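Top line first, the protein sequences correspond to chains E and H. Position 162 of the first sequence, counted from 1, bears residue number 166 in my numbering, the numbering being contiguous throughout. Position 48 of the second sequence, counted from 1, bears residue number 205 in my numbering, the numbering being contiguous throughout.
The set of hints was computed from the structure by calculation and includes no laboratory data. The reader is advised that the hints may include incorrect statements.
[Stated by the list, open to error] Partial list, derived from the structure: chain E residues whose beta carbon lies under 10 Å from chain H: (1) M5; (2) M27; (3) Y66; (4) D70; (5) V72; (6) A168.
[Stated by the list, open to error] Where chain H lies over chain E, by a calculated footprint (3+ residues, C-beta under 8 Å): (7) 6 to 17; (8) 149 to 162.
All figures in this text were calculated on a predicted structure; none of them were measured in a lab. Note that CB positions come from ideal geometry on N, CA and C, so glycine has one too.
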Amino acid sequence: MSIVRTNYKLWHDTNSEFYHDYMHHFNRVTSMQQPGYYDRRYDAYPGGHVTISSMVVQYTAYEHKDTVLAEDRDIPFPGLEQNGWKLLDLFPGIAINLRGSALRVDTMTPLAADKVLIEFRGFGLKSDTPAQREKRVRDHNTIWGPFGRNLPEDLLGVVNQGLAMRPGSREHLNLLHGREEGRSIHDELGVRKYYAEWSRRMGREARAPYGDNEPRASVRKLPIAVGFEAE
Amino acid sequence: MSQTPSRAELRAAIEDVLYTGCLLLDAQQFHGWLEHTSSDLQYRITAHSPEIRKQMTWLEHDRQGLFALFELLPKHHVNHAQWQRHASLYQVVADSPSEVRTVTSLVVHHTLLDVGDVHEDAGATKVFAVGRYHDKYRLDSGRWLLADRTVHLETRQLGIGTHMIV
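Bound conformation, chain H alone:
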């Protein structure tokens, strides 16, 4: 990459880290995903409630907190649905040569598994949530790393919910 990347080069570099992150999260390779984040990562999941007319923060952790959450996942009771994130990078705004803000549209599908001998939902794919990533990326030693992510969900009915991050 040249000293000052073109707009297309910058966008391609951000797409690489964004979409690689989605693939790693889909594969539940959470520690691999963390390798694409900065040491001061902040992560939160929010939604707006028209009912109470307030912004809701459903999950909020720094990088260390996320690492601990991932480590504890095997101790929790989950439905083992397979997630697939469909992300489209909408907007890239360079605040400085080493700092970028982005907006990414997101749809999360989940594919359900059998429950015992009940096969009704086995293999059925449903939309789990739609929303947007509002991200900040930082150039660190030649690598773009995710430094801040707000997942703002439009979906407020999330069924049984989840222990995963979006």
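Only chain E is shown next, with the shape it has when bound in the complex:
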């Protein structure tokens, strides 16, 4: 569990898009540079939920001079090919991430405009032998544990994103949100669908969340999403 200084929507955003794979050395070598990555496609469902199709990840590509730091995920998970990777994002704050042998479920609770509690849960199968379970735990924690290679980068990313979006920041909002690339892996369909559903439920546009009550920039507290059309 982590309490992280960012807006909860930025965490769901990170779990909903893959453009940020550029930030992860692990994902760059095991996925982005491997066949199939750019063939992955998003599917959107009513209610702001999305899925992304699988690919075969080359985990053993995370290495240094013949020392392989991530193992092949050779223990199967029902419905997934070996070393596959599927993702399901449920509006408004649950991500179900299945990578080879380990299933991760994130749930989050907003605590403030700039603070979110994220609970991470890793799952194996009830039928696991002790050795299988140990392997699944190792696979999970290699990237998703608090000392994993990916999770700290994701969390650092959303913290810094939130800080950069604050009014008065000189970091500038270089927003890439809303990329439309035919539902492919760097399309931000998930983010667009998320904010479309947010707008529908809130009765206001995500790009103008305050409506006629837009506060002065100097007193605005919430990071806002801009730069895309609600669908």
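Once you have looked at the hints, place chain H on chain E.
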């Protein structure tokens, strides 16, 4: 050191390698730290979860794996916080003239850096984690080397986490 060191001499020798290791890790001189470890070093970070009533292993590597992790650190996105380990050697148990087990209390503080033009956390020191080193040392050619380390953390909320070893 005499053939059979006194308890105080043994403790002082272990303190030397333990605290030198902390200084090297604080300075992120990871390869220097590895020089104080045996070739068959095993390293792991664990914690107990009352929620699932199980021991969790968050990181586990041998010496070669740690070396590779250190080499890859520059490729990872980190927060560059400065760490400071406060270690107190609590217990030294000699299993043989050349093998020692120790328990060391540990508090890790981290001091944060600016994020862009945001200065709120700049220079602020916070406790990152508390726990204990459960170590094994081995006498090798007159030098005590770290042969096995289990970092057992009490802290389970680690904020954004880390790529470093504790």
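**Message:** Need the list of violated hint numbers for this structure, in ascending order.
**Reply:** none
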